[in-house]
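K.L.:
Take a look at the letters that make up each chain.
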Amino acid sequence: MSEQPKKNLIQMKNVDKYFGDFQALKNINLEVQRKERIVICGPSGSGKSTLIRCLNRLEKHNTGQVFIDGNELTDQIKDINSVRREVGMVFQSFNLFPHMTVVKNLMVAQQLVRKISKADAKQSAMHFLERVKIPEQANKYPIQLSGGQQQRVAIARALCMKPKIMLFDEPTSALDPEMINEVLEVMVDLATDGMTMICVTHEMGFARSVADRIIFMDLGEIVEESKPSEFFDNPKNERTKNFLQQILTH
Amino acid sequence: MIIDFTLIAESLPVMLKGIGITFQLLIISGFLGLILAIFLLLMRISGKWYLSFPAQIYIYVFRGTPILVQIFIIYYGLPQFGFIRNSILWPILREPMGCAIVALSLNTGAYVSEILRGGVLAVGKGLIEAGSALGMSAYQKFVYITAPIATRIALPAYSNDVISLLKSTALASTITIADMTGIGRTIVANTYAPYEIFISLAIVYLIFTFILQKLFGYIEHYLGRYTRREG
Amino acid sequence: MAALNGWWDDYFWGALVIFQVFFCSLGFMIIFGLLGAIAKLSSNKIAQKIANAYTVAFRGTPEILVILLMYFGAAIFLTSAAQLFNPEVKFVDLPPFWAGTIAISLIVGSYATETFRGAFLGVNPGSIEAAKALGMSDIQTFVYIRIPEMWRIALPPFGNHMLSLIKDTALISIIGLNETMFVAKQAITVTGKPFTMYIVVGAIYLGFSTVVTLSVMGLEKFGERTTAGAK
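Chains as they are written, first to last, in this note's numbering: chain X, 1 to 250; chain B, 251 to 481; chain U, 482 to 712.
Source of the hints: derived by calculation from the structure; they are not laboratory data. The beta-carbon is built from N, C-alpha and C at its ideal position, and this holds for glycine as well. Treat the hints loosely; a few may be bogus.
So, partial list: chain B residues that the calculated Cβ filter (under 7 angstroms) puts toward chain X [claimed, not checked]: (1) 376; (2) 377; (3) 379; (4) 383; (5) 384; (6) 393; (7) 398; (8) 401; (9) 465; (10) 476; (11) 479.
Which chain B residues stay away from chain X? Per the calculated CB distances, all over 12 angstroms, these [claimed, not checked]: (12) 304; (13) 466; (14) 471.
Throw the hints in and build the complete structure from the sequences for me.
P.N.:
Okay, here's the thing in structure tokens:
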């Protein structure tokens, strides 16, 4: 089944990751097909962020193999940036470039990394700003936007690179409750349009309605992996049951 | 004690003749020092030990010794060596102005590189990661993300260093240069009126300092325009 | 190198002078700094104005000018004062040691004023409230809560002030203090090796700087023993 890595858009085989003596990822095996929507959940420190950060090599895995669209991520990889172009990432703390306007934030990587012309980059930027429903903020600086707006800009910035995969690292965890929905709506739209996405989140409503598969991680391992209906109604593992009890009752 | 205002009135114009020299020392040393500082910074953050280590030693030595000693070593000390006297640098190192500019540049370069490094380290790690995630190269990340933000962050500390440099230019008077302080000292030697001369001279420096602070204030305001919600 | 023979003991005594200046000026610097900070933080407008004038004047004036003014100014003042009592007196001066020590204490003290002021403001107001809620008196709160926390915050910049004191000591040689620069000048007339002699001066100052820097690092670690565990 995993003899042809090219069939899977993402493949992780027996991946371990250590931070010094601490083992953050234990024997991770994961396959993601095109257009799949994966949600990863779990308690803090379970390794969820570390896992997705290994997919664009913001973290380097120690053992095992990571394949993105057939390309293996190793130290020898000639041009990590050619892989990173195809993998978009949205961060918990947005990480918009504070010294650039919104539209410049969306244009800079297009011009520098994809060598797109200024005019085309701007057109593309405005297109995606409309998609996230805030085209009127184009010439503002990030500090002038609300948290929800900033995160939507961050999503647009990643989309401008036309990636094959979108990674979301707790995109709504740093937002005030009233702004979470505007971001989730954008993510649902994206999913409906067929984007392959892996989303680390605590938003269980989103997970239930959008995910094809939910992965539960604890202490660096993938403990359970199933479709949403099975996951919420029929969790198999004790630890999954405990986790669900904790987050669903309060 | 009576203050001799006529003496002040007579002496100030004479001392102000030295303002051109003071200015030259400040601007040229400041500029050369900044270039040196950028080189040292790049060496320090290069990640390669054979670049970083020598830079660290240089910075440690130049920040750990008095600037007067550095000036004296260059002006009085270097002529001790034949190979200096015969080198192409000799026309510069023979002159007090040349020595003063070299010494001040080498010194301020060390301090400013640490200030710039502080700015670079203060740039949020998340922003660099965002650049990486978008596929930007190390060069692109440095030029488009790190440098603009680090410059804004480092500016207050840099402006303090420029004011320090202004004050250090007065030390040129110790190697016979006729800057404002040099002229002032000569006048005091002749008139025995240290209060009038040195205090009025100090006021000139204070005015100079004030102008520099205002100037940097404007630059800080301009660079910080994206940090204010009013835009 | 052989030129240095016979001069090592002179350098030693010169280094001792640096040591003495350091300790005396350290004490004064702390006093001036604390007084200035308290004045700036107080509600007394006059005290604030005086403290502001103090910091502006001494942060904007070249150190060498302050030293020259302190020495020659004091000499003029003391000579005229002495001549009131005994017209035969030709010249009374404030010994270069004291003129220089007080001068550099005033200069670095003006920077220390800002450091202490910022550090006092940086003390967690929550801690003060907790102390009051527990019934501690104002003095107790000041001594047991404010001062220790203030020192912890002020320590890194304070370390820089100590380094400034050491390096400014070299400037006092200009008014005749017999520390290492002075020794070097004498040695040069005898040996004709200015580079060698001034390098030794540099090395001695570098040594002092290193000791101070390491001590401050050690003190910082000590101060962090209560906060470092909080991850």
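K.L.:
Next, verify each hint and record whether it holds.
P.N.:
These are the hints, each one checked on the structure:
no. : hint : result
1   : 376  : holds, 4 angstroms
2   : 377  : holds, 5 angstroms
3   : 379  : holds, 6 angstroms
4   : 383  : holds, 4 angstroms
5   : 384  : holds, 4 angstroms
6   : 393  : violated, 9 angstroms
7   : 398  : holds, 5 angstroms
8   : 401  : violated, 10 angstroms
9   : 465  : violated, 21 angstroms
10  : 476  : holds, 4 angstroms
11  : 479  : holds, 5 angstroms
12  : 304  : holds, 28 angstroms
13  : 466  : holds, 19 angstroms
14  : 471  : holds, 15 angstroms
This entry does not satisfy hints 6, 8, 9, going by the numbered hints stated previously.
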